[in-house]
Amino acid sequence: MNGNTSITATVAHLLTPAERQHWKLAWLSTVDHKRIGILYMLTGLVFFVIAGIEALLIRLQLMVPNNTLLAPDTYNWMFTMHGTTMIFLVAMPVLFGIMNYILPLQIGARDMAFPRLNALGVWLVPFGGILLHFSFLAGGPPAVGWFAYTPLSEAPYSSQLGVDYWAISLLVLGIGSVSAGINFIVTVLTQRAPGMTLRRLPLFSWMTFMNAFLVILVLPILNAALVMLLIDRLLDGRFFLPFGGGSAILWQHIFWAFGHPEVYIVAIPAFAILSEVIPVFSRKPIFGHEFVAASTVIIVFLSLLVWAHHMFTVGLGRAVDLFFVAASVLIAVPTGVKLFNWSATMVGGRVRFTTPMLFCVAALLQFLIGGLTGVSHAVAPLDWQTKNSYYLVAHFHNIFVGLIVFAILGAIYYWFPKMSGRMMSERIGKWVFWLMTIGFNLTFMIQHVLGLAGMPRRTFTYPDLPGWTWMNMVSTIGAFFMAAGSIVFVWDLVISLFRGKPAGDNPWNAWTLEWATTSPPPHENFDALPPIHSRRPLWDYANPDRPDPVVPVGGAIDTFRPDKIKAGVLTFIISEAGFFGVLILAYLLYNATSKSGPGQHQLDVLKTGIFSICLFASSFTIWRSEAGLRANNLGKMKAWLIATIVLGSIFIVGQGLEYWSLFQSGVTVGLDLFATTFFTLTGFHGLHVGFGLLALLVVLGVALVSNLKNGHFPALGAVGYYWHFVDVVWVFVFAIVYLWPLIG
Amino acid sequence: MNLQLPSAALLIADVVKVFNPQSPQARAIFNLTIIVIVVMVVIFAVVVGIVLYALLGSPRWREGERDPEQGEGNKTVEIVWTAIPLAIVGVLFVLSARTMGISDPPPPPKPDIVVIGHQWWWEARYTNSGAVVANEIHIPVGKPVALRLDAVDVLHEFWVPELGRKLTTVPGHPNHLWIQSDKPATYLGFCTEFCGTQHAWMHFLLVAEPEEEFQKWQQAQILPAPPPSSENAQKGLALFEQMSCVNCHTIKGTIASATFGPDLTHFASRKQLGAGIVNNTPENLRRWLHDPQQVKVGAKMPNFKFTDEQVTQLADYIETLK
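For the record, the sequence lines run as chains A and B.
When you line the first sequence up against the numbering used here, it's residues 1253 to 1996, in that order.
When you line the second sequence up against the numbering used here, it's residues 4 to 325, in that order.
Keep in mind that a hint or two might mislead.
[Stated by the list, open to error] Incomplete in silico selection of chain A near chain B, CB under 8 Å:
1) I1501
2) G1569
3) D1573
[Claimed, not checked] Short derived list, chain B residues pointing at chain A, Cβ under 10 Å:
4) I32
5) V51
6) D115
7) G175
8) N178
9) F193
10) H202
11) V298
12) E322
13) T323
14) K325
Rather than coming from a laboratory, the hints here were simulated on the basis of the structure.
Cβ atoms here follow ideal geometry from the backbone N, Cα and C, with glycine treated the same way.
Can you make the complete structure from the sequences, with help from the hints?
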């Protein structure tokens, strides 16, 4: 009875009166960043349960030597799915969810820049997850590891559909992530409250902003790798098949060019959480704000240059290894700066040992260990010994669990009151904390020793060698402590949602803008905002006698506020550049030296040149169309727009004719490396031209039916940018594929 | 004086293989490991010290109390804790470069042994003597041995923790590795790159023995298999040659000369069967012949559904391949 009323009260609290009749629809159709954030987190929680069960099965299988609980391939499915799920369906969605919820609030915005794009992004996560898990019903999940090294992941060695589901699912998730990244960037650039200059961004928002750049730069690299793998598997391509002339190592380069920054994509939000929680519960601002902020920029930059430290044992040669040793040990410096600053923040503070703080302090110390063992991997000779052993497993779980999961738990205890209006239980929270901390350290600390004792990773069982058995047993016991901690945590979430103490607006006496509104915040977030002169507006408000020093406005960049739609398209174009960059590099790698056989000299340079001129000319026509709009001459605008569409269509038809004649002479994707790379590169360009044409047609349609008298039609400008980009890509492709062989 | 120490050291050597280096290459890495561990421990202690000082050195927060002095940072401190780590990683870089030189010197023009990774076993071809063996590699003690690493299907990785660096075998990209053992010993080696179903059972034995013994072993390995004497074994050989065994295996001295599966010419001289999954005993061999999939699920050798009699004949023959 009592429970019932409180449930009703809670539901009433989370929905507007109008929505109560159709609350399911209200959530399914939401474009509110707060609900989307929660949907992200709930999706992540569901997959956390799945991937957690997989982890427990892994540990059960390894509990004793020569175990037969799981068949070898079942075990191989488990660790593949565990890794893939935890990274793409747990860590990323949960962190994106937290950022989605908090970022607009913290910068004083009403919502994200593109609420509908935001909704698309969140729904791609369950769809991607379902695609991946559908493989269980379609002949079995992938058994190739989350890194899917070629040639094992190629059709001759993994003939079942698991790898295809894996690749397509990650493509779906990758596209969703890029859309979220674009949204974060444009939100920070265009939706900030008055007074919230870039330099006044709280660290959480700043790091979200930086992280989003990493997302749009590297997820497309993965997408390119995935389409190349799919072309190999489904169209008999040859990118990564050594026996077809391809390179097995190329996959590793591309995968880790994405994969290492990916580690930072999930680590930087954890840094962001620590940078927010530790100061609040030390009752002091962060020590060296600028240094923490700048170290993030350096980390983002360096993280793009360290990928081959995952490949020290592949045999890349001394010079390459040394470059990546240097870059990798260097990244320890900005990371160390963060650790030192977080620690120094607590010095001289009045530390409050709330559950969020406990999780963040533990995350700091566990990350310290993971960071130090990371340095030991960056030192290549040590990596030669410890790579692919349990030492490495221990190292990265110190990052993924010790830092990231702990930071996420801290963040949820910290922001749950804002999201639900109720406090989580401190008493149960401490249980969760100790179960997780004991469990985590039991599970993973011993694995360092296990690795040094020689145990390789990804093995479904092991012989009873001295010490291996008891160490594995300890690790398995620890895993069950973490499982218990997770269950208690979910329980705490549920009961706090209904019975938690009312939180009020600002239960922790925190200083950033998300605490300046009700809990949960209303639709569009704020009734009124306090003045913003520093990074802690609520501190200034509450302590008029000793406000933070005003952060001066630092020029044009600091107040930069571009047009929303143009900023969106430009960030999208940056992400596309990465995608095409990979395809172009792959083409160059395999065609740099001219080979005999059908291929390049069968291309009709003259004919394609004429079609190319049509495409290049269409950049001019769309520019004229925009000029027409600016001059308020709508007839001119439409005419030039139609000209653009005609020219683009001519190009597409020309490309179709070229493909047809190549097919006629037997040149298909699987013929040789030239054909594989040629069709992939030009095909994806053609696909983009096709999408561009569709967008132009939509713009034309809108222009024909609506009244554009005021000359305001940002969509045209946006499509225009995209169209120019597609043309510029073709300049490169045409030069490399068609013109270069003429010189050589 | 201290009786505990040697036994603890022995225990570590016994369990923690990486801390028990037995070659100049592994020792160079081990020495650097010690340096890195010291650095790691010092940094760990410093940060933990700061955190403990912060947590214990100031009064705890109390409800309703005024917040402490705010402060915002200190440039000098920032420069110090940027510069010191920068210096440390600079030193680590130089030490890395040096250790890489010692533990991985340039290869000779011709390798002594070509080691080839297969799903899921190791092949070793001795370039000078022509000996071809599987899953058990012998080397002479105290001499650097040049390996070329190759693979015929997917990636594998060659690792003997006591002897130094691990290195991937990449199809189409031969790699080079020096190994050496300073004392006679038998080491357990592993495949450390995930290579499919039976990645867990892709072990090998690396036997380091005195020069004369090594030469004796090598001489024995290059001999063709003698014709079997017992009637059962003769039937076994006939069976071997009739059945599809010859499509995958080599037995020198017979018509079997395929290279997809392990060379069996001196099969019975090996200590293990199935790349380490069981010991090479007559009983295990019979189990294997009955159904390899029962012993090693996923192994590329199918179940030929031999009768008991055929298994006995084949086993009797194969046991003569010393």
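Hint-by-hint comparison with the structure:
1. With 8 Å as the threshold, the beta carbon of I1501/A comes within range of chain B, its nearest partner Cβ sitting at about 6 Å, so the hint holds.
2. Interface restraint check: G1569/A against chain B, minimum CB-CB distance 10 Å, threshold 8 Å, status violated.
3. Because the smallest distance between the Cβ of D1573/A and any Cβ of chain B comes to about 7 Å, under 8 Å, the interface hint for this residue holds.
4. Annotation: interface hint on I32/B holds; nearest CB of chain A at approximately 5 Å, less than 10 Å.
5. Restraint check, V51/B versus chain A: the minimum CB separation of about 7 Å is within 10 Å; hint holds.
6. Of the supplied interface hints, the one on D115/B is violated, with its beta-carbon coming no nearer than about 18 Å to a beta-carbon of chain A, more than 10 Å.
7. The restraint placing G175/B at the interface with chain A holds, with a minimum CB-CB distance near 4 Å, inside the 10 Å limit.
8. Restraint check, N178/B versus chain A: the minimum CB separation of about 4 Å is within 10 Å; hint holds.
9. At about 5 Å, the closest approach between the beta carbon of F193/B and any beta carbon in chain A falls short of 10 Å, and the interface hint on this residue holds.
10. At a threshold of 10 Å, the smallest CB-CB gap from H202/B to chain A is about 6 Å, leaving the interface hint in force.
11. The interface hint given for V298/B is broken, as the beta carbon of that residue sits about 12 Å from the closest beta carbon of chain A, more than 10 Å.
12. Given the 10 Å rule on beta carbons, the hint for E322/B is violated: about 24 Å separates it from the nearest Cβ of chain A.
13. The beta carbon of T323/B comes no nearer than 29 Å to any beta carbon in chain A, farther than 10 Å, and the hint placing it at the interface is violated.
14. Proximity of K325/B to chain A is violated relative to the hint, the smallest CB-CB distance being about 26 Å (cut-off 10 Å).
In terms of the numbered hints stated before, the structure departs from hints 2, 6, 11, 12, 13, 14, listed from lowest to highest.
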